[in-house]
Amino acid sequence: MKHACQQASQLTSDSFERKLSWLERIRLYTHLAMCKLCRSYNHNLHIMHDIFSGMRNHEHLPKASLPETSKAQILEAIKKER
Amino acid sequence: MNPELWLQEHGDYLFRYAISRLHDSELATDMVQETLLAAWRGHERFKGNSSLRTWLVGIMKHKIIDHIRKEIRQRNIGDKLENDPTSEYFSEDGSWQSKPSSWQTNPEALYNNDEFRKVLHQCMQHLPEKQRIVFEMRELLGDDSEQICKTNDITPTHLHVLIHRARLSLQKCLQQHWFGES
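Protein sequences appear in the order of chains A and B. Per my numbering, the very first residue in the first sequence carries number 1; after that it's consecutive. Per my numbering, the very first residue in the second sequence carries number 1; after that it's consecutive.
One chain only, chain B, in its complex shape (with noise of 0.2 Å):
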């Protein structure tokens, strides 16, 4: 058990992780920091049943969601039930506003392709911070619901309203700037 070792072999894998979730260097190297840290204080614990990559990036998954957690209450950050921004993608008379054509495409083509997840990027960077971090956390880092609860202090049903709602906005940001206007 050497954490130096483990900085040499697997410091870039783990920074480049910590970036992909929290688009900050300075906070990534601190979530490097932290990870081994925490992974040296409990090496006992490190049973090699997994990989030890596999056991570090679950180290820095918790760490990274306890950051999100302090971050949240500090600033603060809501999104509040009560206005309901999903009148926006309709109609008075109730009908869709900007028309959803059907995407005719090919998923794995699209994960794989650079441009696209730029595009994604951008569009997941316009949504209302609360809605970001909440459907990040499900659809990026996989988190099961009671989680995604616990970390932004909320309840599942404001969890499926915040998350319909980002579903909403990337649906159409993406049909806008990816898939072409019906």
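Bound conformation, chain A alone (with noise of 0.2 Å):
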């Protein structure tokens, strides 16, 4: 079996991938209530989440342009294919 800590930490990872059971959520939260070293985790993934979100929904995109010769590449590439 698994030590509390480490069993909630997946948990609290699980719990942005899926619905977790009632069970678990009783054995995650009544850990958390106990832990503060793992309400930091769980604290940490959710900044983590929605970090992620952010990059996701405002593209940051590297600065870079396609080279000519790529350009040019393609151009013959598309006119095969008319």
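To be clear, the hints were calculated from the coordinates, so they are not data collected in a lab. Virtual Cβ for every residue (Gly too), placed ideally from N, Cα, C. One should not assume that every hint holds.
With a cut-off of at most 20 Å between alpha-carbon atoms, the simulated EDC-like pairs for lysine to aspartate or glutamate come out as follows [as the list claims (entries may be wrong)]: (1) K63(B) <-> E34(B); (2) K19(A) <-> D143(B); (3) K130(B) <-> E76(A); (4) K79(A) <-> D144(B); (5) K70(B) <-> D144(B); (6) K172(B) <-> E88(B).
Restraint-style ranges between C-beta atoms, simulated for each label pair [unchecked claim]: (7) G142(B) <-> S21(A): 24 to 30 Å; (8) S50(B) <-> A33(A): 19 to 25 Å; (9) A77(A) <-> L141(B): 44 to 50 Å; (10) L61(A) <-> S102(B): 29 to 35 Å; (11) F16(A) <-> Q176(B): 18 to 24 Å; (12) S21(A) <-> D114(B): 38 to 44 Å; (13) E68(A) <-> D153(B): 35 to 41 Å; (14) A72(A) <-> R53(B): 20 to 26 Å; (15) S102(B) <-> S65(A): 26 to 32 Å; (16) E68(A) <-> Q125(B): 28 to 34 Å; (17) L5(B) <-> D50(A): 21 to 27 Å; (18) P62(A) <-> S87(B): 21 to 27 Å.
Assembly of the complex is requested from the two constituent chains, each provided in isolation within its own frame, with the hints serving as guidance.
Pasting the structure below:
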């Protein structure tokens, strides 16, 4: 049997991925109520999740542009297809 | 409908999008080409209820997923469930090895911060390949679980374990390299 913190960390992560069962929720939240470190971990995962959602919704794309040679190559391929 | 014009107007954007996902400019060029050709072949399916760019990006997402899937098959990238790396994060007595401290921050300020994104990117690069792939598909591409499982040929349980491992590792890495040790 895994130790409580190890198990709580898996349940914390899973709570982003699926609906936890009734028993899992009780197990997780009773542990969080007693354990400050796991509460911090839970908090940090929420921050991380928000950061990724933000990145997903505000496309931060690298500064780069298609090299001219690549453009020519693609144009050539399009011409063949037309 | 003019694919030459698409290249002119959206080529750079598609290229940047592909680089942000694949981190390889040659591969990104191939993806732009494949996307434009596929779009041209299927241009009758473009209904015009989304913008042309959104439609092209949608096609490109599929191309990128196909590419990742092929890559995984060819190189047989694996991450066995049997050896559990998460035990590294916990002591013998089961307590946290490196203690998480509660991050006091505004997520919005962070995802707009180039320095932070560099650190995050480096932390992601340190993940075992399969963890990184599924985590990126989940959190950056926003794919649903079913799609990710199909692409990687894994079960939902395996997916959740991989994502859990990735989160433990990223949390620790960001704590060390950005937020500071507790």
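Quick rundown of the hints versus the structure:
Distance restraint check for K63(B) and E34(B): the Cα-Cα separation of roughly 8 Å lies within the 20 Å cut-off, and the hinted pair is therefore satisfied. Taking the CA atoms of K19(A) and D143(B), the gap is about 17 Å. The hint holds against a cut of 20 Å. Between K130(B) and E76(A) the CA atoms are separated by roughly 36 Å; this puts the pair beyond 20 Å, and the hint is violated. Using a Cα cut-off of 20 Å, the hinted pair K79(A) and D144(B) is violated, with the two alpha carbons roughly 36 Å apart.
Distance hint between K70(B) and D144(B) is fulfilled; the C-alpha atoms sit about 19 Å from each other, no more than 20 Å. The hinted pair formed by K172(B) and E88(B) meets the criterion: a straight-line CA distance of about 11 Å does not exceed 20 Å. Checked against the hint of 24 to 30 Å, the pair G142(B) and S21(A) passes, with Cβ atoms roughly 25 Å apart. Taking the beta carbon of each, S50(B) and A33(A) are about 46 Å apart, not inside 19 to 25 Å as hinted.
In this structure, A77(A) and L141(B) break the distance hint of 44 to 50 Å, their C-beta atoms being roughly 26 Å apart. Here the CB-CB span from L61(A) to S102(B) is close to 32 Å, well matched to the stated 29 to 35 Å. Distance hint check for F16(A) and Q176(B): the Cβ-Cβ separation is about 22 Å, which falls inside the suggested range of 18 to 24 Å. Against the hinted window of 38 to 44 Å, the Cβ-Cβ separation of S21(A) and D114(B) comes to about 41 Å, which satisfies the hint.
Our hint of 35 to 41 Å for E68(A) and D153(B) holds, since their Cβ atoms are close to 39 Å apart. Take A72(A) and R53(B): their Cβ atoms lie about 22 Å apart, and the range 20 to 26 Å holds. For S102(B) paired with S65(A), a C-beta distance near 41 Å fails the hint of 26 to 32 Å. As the Cβ distance of E68(A) to Q125(B) is approximately 30 Å, the hint placing it in 28 to 34 Å holds.
Range check, L5(B) to D50(A): Cβ separation about 38 Å, and the 21 to 27 Å hint is violated. Taking the beta carbon of each, P62(A) and S87(B) are about 36 Å apart, not inside 21 to 27 Å as hinted.
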